[in-house]
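Here the structure of chain D is known, so what remains is to put chain P in place on it, guided by the hints.
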Amino acid sequence: MSNKKKLKVATTSLAGCFGCHMSFLDIDERLFTLLDHIEFDRSPLTDIKTCSPDCDIGIIEGGLCNAENVHVLREFRQNCKILIAMGACAINGGLPAQRNHLPLTTILEEVYHTSPGLANGMIPNDPELPLPLNQVHPIHEVVQVDYFIPGCPPSGDAIWKVLTDLLAGREPALGHGLMHYD
Amino acid sequence: MSLTFTLDGKTIPFEDGQTIIQAAGKAGVFIPHLCYHPEFKPHGSCKLCTVKVNGRHTASCTMRAMPGMVVESDTEEINAERRALTQMLFVEGNHFCPSCEKSGNCQLQATAYHLGMMSPHYDHFFPNRPVDASHPEVLLDFNRCILCSLCVRASRDVDGKNVFALSGRGIKTHLIVNARSGQLGDTDFTLADKAAQVCPVGVILRKRQGFAVPIGERKYDKAPIAETVTEGK
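Protein chains in written order, with this note's numbering: chain D, 1 to 182; chain P, 1 to 233.
Chain D extracted, bound-state conformation (with noise of 0.2 Å):
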């Protein structure tokens, strides 16, 4: 183990499933390397509630579906020097952004209320509940986003590296079988 400082790496799901995470996690025995170089700070690997304030990498998965996943990236980048987008939904919004061309109340309407079923469904509306956004949006579009995992999710070999290339002081680079968009 080197002795250099490690570098902070904080990771969060948004509007994402956590396959991503779950992606992240199969890079397998190759965690303990890692772990020789960096350490997790805000990361539902560690639940830590929130971000130190000199992180060195935030990775986020997911879009943007409600308020509280806008308050949380903005969180991470204004705590964390390099920002990057990991999957699909990240990306271009993914699967929640096939809710885009549907007007909000609609499908609320629809889940909560007027399904079958759904005797005297009410719409949730406890103020502990972020409020939905009327799209889902990707990230880049609210904050600067420094470098891209694409993939549904990404495998652990090309989150593995992008993550490798940046310690390494590399420009990250996805060849032929680790770049995928599906």
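To be clear, the hints were calculated from the coordinates, so they are not data collected in a lab. Please read these numbers as outputs of a predicted model, since none were measured by experiment. Beta carbons: idealized from backbone N, C-alpha and C, even for Gly. Watch out, some of these pointers could steer you wrong.
Between beta-carbon pairs, the in silico distance windows are [to be verified]: (1) D:Gly177 <-> P:Val70: 31 to 39 Å; (2) P:Glu137 <-> D:Pro130: 40 to 48 Å; (3) P:Pro214 <-> D:Thr50: 38 to 46 Å.
Straight-line distance between alpha carbons at most 20 Å, and here's what the computed SDA-like set of lysine to any residue pairs gives [to be verified]: (4) P:Lys222 <-> D:His101; (5) P:Lys219 <-> D:Leu166; (6) P:Lys47 <-> P:Ala80; (7) P:Lys222 <-> D:Asp182; (8) P:Lys219 <-> D:Gly177; (9) P:Lys26 <-> P:Met63; (10) P:Lys172 <-> D:Asp182.
Just chain P now, kept in the frame of chain D:
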């Protein structure tokens, strides 16, 4: 003396009447393109095949090769422009590769890989484009249409049916079906039509075939597009 021009410093032979992209293809040099297809009259609309000829931008699918031309194609500058065009195509439509049957066989996707498109960069339009499932054998998913007009040309010039057309202007240009109802099911379109084979993206899809070949074993999974698309292959 045989006719030649240079493409990125390489000498390319050509026959009188050939376009730059035709001659390049014959010589095994890939120039990115979407609306060009070797079997059809060029349309010159996608501009992906833009090259610099003697320092000036031009579409290589419409520009005839001339002796002594100096053509630049695979340069950082031109590829950046091609990438920007590709990104605009992605945000103009609804291109969600994970849910598209054409993924892995899609020329738009493979071209974006080739150009190193890591993100769509621009703001998405998220247009509302309902699908047409009226035909018993073919689904039309307009969300992915890039207006290359290959189906229009194939149906008109090869099938003699005129099933498709581009309608509207500018950003409102869209693909339409020539039937009173506007539905593909009300035309004489069949799977045997050339127009059913030429869509470079996932608009014209044969039903009940979607994942017969699994993701990961498809055309551009095996080899990048630059190695699969040249004239005659």
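Now for the hints, and whether the structure bears them out:
no.	hint	in the structure
1	D:Gly177 <-> P:Val70: 31 to 39 Å	holds, 35 Å
2	P:Glu137 <-> D:Pro130: 40 to 48 Å	holds, 45 Å
3	P:Pro214 <-> D:Thr50: 38 to 46 Å	holds, 42 Å
4	P:Lys222 <-> D:His101	violated, 34 Å
5	P:Lys219 <-> D:Leu166	violated, 31 Å
6	P:Lys47 <-> P:Ala80	holds, 13 Å
7	P:Lys222 <-> D:Asp182	holds, 15 Å
8	P:Lys219 <-> D:Gly177	holds, 12 Å
9	P:Lys26 <-> P:Met63	holds, 16 Å
10	P:Lys172 <-> D:Asp182	violated, 28 Å
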